[in-house]
Amino acid sequence: MKRIHAFEFEDLRWFPKVLRDFMTDFLQFGANTFDIYKSIVPIIKKGIQNSKSNNIIDIASGGGGGWLKLAEHLKKDNLDLKITLSDYYPNLKAFIRTKSKMPNTFDFINHSVNAMEVPSNLKGFRTLFLSLHHFKPKDASSIIQNAINTNQPIGIFEAQQRNLKSIIPMLLSPISVLLMTPFIRPFRISRLLFTYFVPILPILILWDGIISVLRTYTVDELNQMVSKLNNVDYFSWEINVSKGKPNEILYVLGIPKTE
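Each residue of the sequence shown is one higher than the one before, counting from 1 in this note's numbering.
It should be emphasised that the hints constitute simulated quantities derived from the structure, not laboratory data.
Here a beta-carbon is modelled for each residue, glycine too, at the ideal position from N, C-alpha and C.
Hints may contain errors.
[As the list claims (entries may be wrong)] The list that follows gives simulated cross-link-like pairs (lysine-lysine, DSBU-like), each with its CA atoms no further than 35 Å apart:
{"hint": "1", "residue 1": "LYS46", "residue 2": "LYS93"}
{"hint": "2", "residue 1": "LYS69", "residue 2": "LYS257"}
{"hint": "3", "residue 1": "LYS123", "residue 2": "LYS136"}
{"hint": "4", "residue 1": "LYS76", "residue 2": "LYS123"}
{"hint": "5", "residue 1": "LYS243", "residue 2": "LYS2"}
{"hint": "6", "residue 1": "LYS99", "residue 2": "LYS257"}
{"hint": "7", "residue 1": "LYS101", "residue 2": "LYS46"}
{"hint": "8", "residue 1": "LYS17", "residue 2": "LYS99"}
{"hint": "9", "residue 1": "LYS136", "residue 2": "LYS228"}
{"hint": "10", "residue 1": "LYS228", "residue 2": "LYS52"}
{"hint": "11", "residue 1": "LYS101", "residue 2": "LYS75"}
[As the list claims (entries may be wrong)] Computed spacing ranges between beta-carbons, pair by pair:
{"hint": "12", "residue 1": "LEU179", "residue 2": "MET102", "range": "23 to 29 Å"}
{"hint": "13", "residue 1": "LEU164", "residue 2": "ASP233", "range": "35 to 41 Å"}
{"hint": "14", "residue 1": "LEU122", "residue 2": "VAL198", "range": "37 to 43 Å"}
{"hint": "15", "residue 1": "GLU238", "residue 2": "ASP80", "range": "23 to 29 Å"}
Using the sequences plus the hints, can you model the full thing?
The structure is reproduced here in structure tokens:
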């Protein structure tokens, strides 16, 4: 299946913030409810252990993704873990809600953060969840190159792959939106309006979900991308698919080599 970099509504500058936030709220709720990233907890631990701080700097966080469940897993062995959320279009209400649930663990940046030019003061294990596919190859390479240039470990995770197996759940996503929306908090009349009465959200999430699959890089493409970067040999790399439950996660793990 050839990679197609069609547009996603969430990426459009003119796209209404309220709808973008509702979409990222849905993704966050699903990720935490079904603990979809559980299988890559050991990979995240490896990244943390090889960083020079106890911090995770999450880039392109959306609404916070699956971090609430991941934090529960990680804090069993690391009570002092700190996770900072950031995004080019930050969903500040979602960030604030996440921080309120674990105030000693979470923090967030309330202004736009460019994944290709992460501020040098943000040091720690960089993570990107469900976001690399938003970037064209040149920009995706720049994200990884920036981590190499600043000698920061990086973990990239995608909950889908570019295949029919991932397309099928996306085709069923409108049903998931209809079933899950009443349980998403905080309660919003406007969320119900755009889900049931003027059903924009199920259509938007269906479109962005399918395009996400078509945009996702394969393991071979990611290997080729990394191989062309400058000073790539200064890092150790794992590029693979986690086979654990509840679902497979495509990942890239880059760790600076010790002297």
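Need the status of pair LYS76, LYS123: alpha-carbon distance at most 35 Å?
holds (23 Å)
Restraint check for LYS17 with LYS99, where alpha carbons must lie at most 35 Å apart:
The hint holds at about 21 Å.
C-beta pair LEU179, MET102: status relative to the range 23 to 29 Å that was hinted
About 27 Å separates the Cβ atoms of LEU179 and MET102, which means 23 to 29 Å holds.
Take the C-alpha atoms of LYS101 and LYS75, compute the straight-line distance between them, and say whether it is at most 35 Å.
holds (14 Å)
Proposed proximity, LYS46 with LYS101 (alpha carbon, max 35 Å):
holds (25 Å)
Given the hinted pair LYS228 and LYS52, is their Cα-Cα distance within 35 Å?
holds (26 Å)
Just to be sure I understand the hint, the distance between the Cβ atoms of GLU238 and ASP80 should be within 23 to 29 Å; is that true here?
Cβ of GLU238 to Cβ of ASP80: about 25 Å, so the range 23 to 29 Å holds.
Under the criterion that the straight-line Cα-Cα distance not exceed 35 Å, is the pair LYS99, LYS257 satisfied?
With Cα atoms ~33 Å apart, LYS99 and LYS257 stay inside 35 Å; holds.
CA of LYS136 to CA of LYS228, is that 35 Å or under?
holds (15 Å)
Hey, LYS46 versus LYS93, does the alpha-carbon distance stay inside 35 Å?
holds (30 Å)
Given the proposed pairing of LYS243 with LYS2, does the C-alpha separation stay at or below 35 Å?
holds (23 Å)
Proposed proximity, LYS257 with LYS69 (alpha carbon, max 35 Å):
holds (30 Å)
Taken one by one, the earlier hints all hold for this structure without exception.
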